[in-house]
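Asks: This is what each chain is made of:
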Amino acid sequence: MTTAIIVLVIIVIIALFFIGMYNALVRLRNRVRNAWSQIDVQLKRRHDLIPNLVETAKGYMKHELQTMESVTQARSRAMSAESVGDRAKAEGELSGAISKFFLVVENYPDLKANQNFLAVQEELTSTENKISFARQSYNDQVLFFNNKIQVFPSNVVAGMFNFKTEEFFEIEEEAERAAPKVDFS
Amino acid sequence: MWELIQSNRRKSFILFIFMGICLVALGYVIGFAFLSEGGGITGIFIALAIWFILSMISYFSGSSILLAASKAKEVTHDVHPQLFNVVEEMKISANLPAMPKIYIIPDPAPNAFATGMKPEKSAVAVTAGLLSRLNRDELQGVVAHEMSHIINRDVLYVTFAGIMLGSIVIISEVFLRGMFYSSMSSRRYRSSSSRGGGGQAQLIIMVVAIVLAILAPILARLLYFAISRKREYLADASAVRLTRYPEGLASALEKISQSNLDLASANKVTAPMYIANPLKKKGRKLSNLTSTHPPITERIKILRNISQGVNFKDYQNAYALAIGKSARIIPASGLKDTNEIPIRKAKAERPEERGKKKSMRDIGDLVRKVNKYAFLLCVCGLKIKVPPDFKKHEITCPRCGHKNEVPLAELTAAVAAAGSIPGTKNK
Chain A
1 MTTAIIVLVI IVIIALFFIG MYNALVRLRN RVRNAWSQID VQLKRRHDLI
51 PNLVETAKGY MKHELQTMES VTQARSRAMS AESVGDRAKA EGELSGAISK
101 FFLVVENYPD LKANQNFLAV QEELTSTENK ISFARQSYND QVLFFNNKIQ
151 VFPSNVVAGM FNFKTEEFFE IEEEAERAAP KVDFS
Chain B
1 MWELIQSNRR KSFILFIFMG ICLVALGYVI GFAFLSEGGG ITGIFIALAI
51 WFILSMISYF SGSSILLAAS KAKEVTHDVH PQLFNVVEEM KISANLPAMP
101 KIYIIPDPAP NAFATGMKPE KSAVAVTAGL LSRLNRDELQ GVVAHEMSHI
151 INRDVLYVTF AGIMLGSIVI ISEVFLRGMF YSSMSSRRYR SSSSRGGGGQ
201 AQLIIMVVAI VLAILAPILA RLLYFAISRK REYLADASAV RLTRYPEGLA
251 SALEKISQSN LDLASANKVT APMYIANPLK KKGRKLSNLT STHPPITERI
301 KILRNISQGV NFKDYQNAYA LAIGKSARII PASGLKDTNE IPIRKAKAER
351 PEERGKKKSM RDIGDLVRKV NKYAFLLCVC GLKIKVPPDF KKHEITCPRC
401 GHKNEVPLAE LTAAVAAAGS IPGTKNK
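In order, the protein sequences belong to chains A and B.
Note that my numbering gives residue 61 to position 61 of the first sequence, counting from 1, and the numbers run on in steps of one.
Note that my numbering gives residue 197 to position 197 of the second sequence, counting from 1, and the numbers run on in steps of one.
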């Protein structure tokens, strides 16, 4: 009788232990997903801001139609891209186009003094930062999650419930170089 | 980061136990000294009751008391878009579950603090003086430092340790003053009474109580300050890790240290909450042992010695390099963080250095904006500031005499949206 109780207690303890580990894994995986959706939110925000930017700049930059055109085009390409790889590439190009655009703006002091333009510029700078911070945070979360999956004892639970390691968000050299490094004061 | 938070919690717990023992011992001895037999228990009970009441008050309304005491005003995105954006960037970087509330303190002294017992309900407050002085990267550094206090649960710790310290100080103070007055009165009225056999023991306990009442607050204070200083280093290290850019915080601290303005709304109690000591004039006289913040020049030196990466280990190495001591300032669990994280390049460079006059004008405008003033641009270029309780329909421009119409409807709407502003009546 007593041995039965002891066995039962041990089983309950082990079960609780497993439940705890399973919940921890789910929590971490949700964090990874949340971080990923943050990147999405910020990319979408960038798409929304670009028409504003072009609209404010239009009146001042009559001779730079091509620069503005390239930003708009890069935006529509990024919005219509389907696969993850295509998207990463298109977003990289968009970053490049925006940075080129801001380089050109340097030649238009009137535009640089325009309050509306400054406001859009601040929003765009911030969105650019948020994208990179979101990526940073996503990679941090993936690291936590992958570590948890690989170390004992949580790897047992992870194996039982088929948790898979997540991929890091690596950006290609080219896209990184294209990220705007313009003076946003 | 998670291990770091846990080690922080463990340390806070040990500290609470230690300070708690201090408190209980003090209560016991004082109670015994006043009421003799059985008085010890009463003393403990009273001491714990004082501590409990103060703790409850500070846990449930500490943040709002602190924000009210600092005269901070909650602002929306439109008042200062850059501040709002920077906070949101750091929220994303720190993976905070909710956006902190943002407050501006209408004061020209540059400073900032964070509050909130848990990351889900937090707030960041910065002064108008800080906003006018710092560029984007520097502001980011300061906000990251404050955010680190929130994620490391430092606010919780500082508040509770502060309350414990406060209870010890109150009890000792009351006891010592009581002793002083009762000894005066006893000399007058009861000079030859109570000279019995029990008097001897009573006297010893009395002496112990006096010694303890003098020593306990000092001990508790030193303990509190030492750990508070360590938390500042840790928050600096976390801020660097969040922004990937040590120079931002370094030059922000430099600009803060160059100002010798005191923050009008800060006091001794709220001082440890700020990023840099807000009471500079008084602070200078105090020695290193009793300051809540490490010397600001030291913090800048450490940040500038970070050259390779921005993880916690790099910060510890930079500390050893800058100060020449091998003391451990980052908990062991933080040092396990050896992922190489490169420093990012500078982004914002404010092109023109703005004059002092311009910057004071910026501060004034910001303070008015926080206080819901409306700005009218006259045809001659003069900016007319309209207070929120303005009632007339027209303002004559003091410079050119042009009559400007006042958008009264918008003004009252803004006031109504802000709720009750002292000194104004809503219709």
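By construction, these hints were calculated from the structure, which means they are not laboratory data.
Keep in mind that the hints are not guaranteed to be accurate.
No farther apart than 20 angstroms at their CA atoms in a straight line, the calculated lysine to any residue pairs in the SDA-like style are these [unchecked claim]: (1) A:Lys62 x A:Arg77; (2) B:Lys369 x A:Lys58; (3) A:Lys112 x B:Asn305; (4) B:Lys383 x A:Asn116; (5) A:Lys58 x A:Leu103.
Asks: Would you pick out the hints that fail for this structure and give their numbers low to high?
Replies: Checked against the structure, the hints that fail are numbers 1, 2 and 3, while the rest are satisfied.
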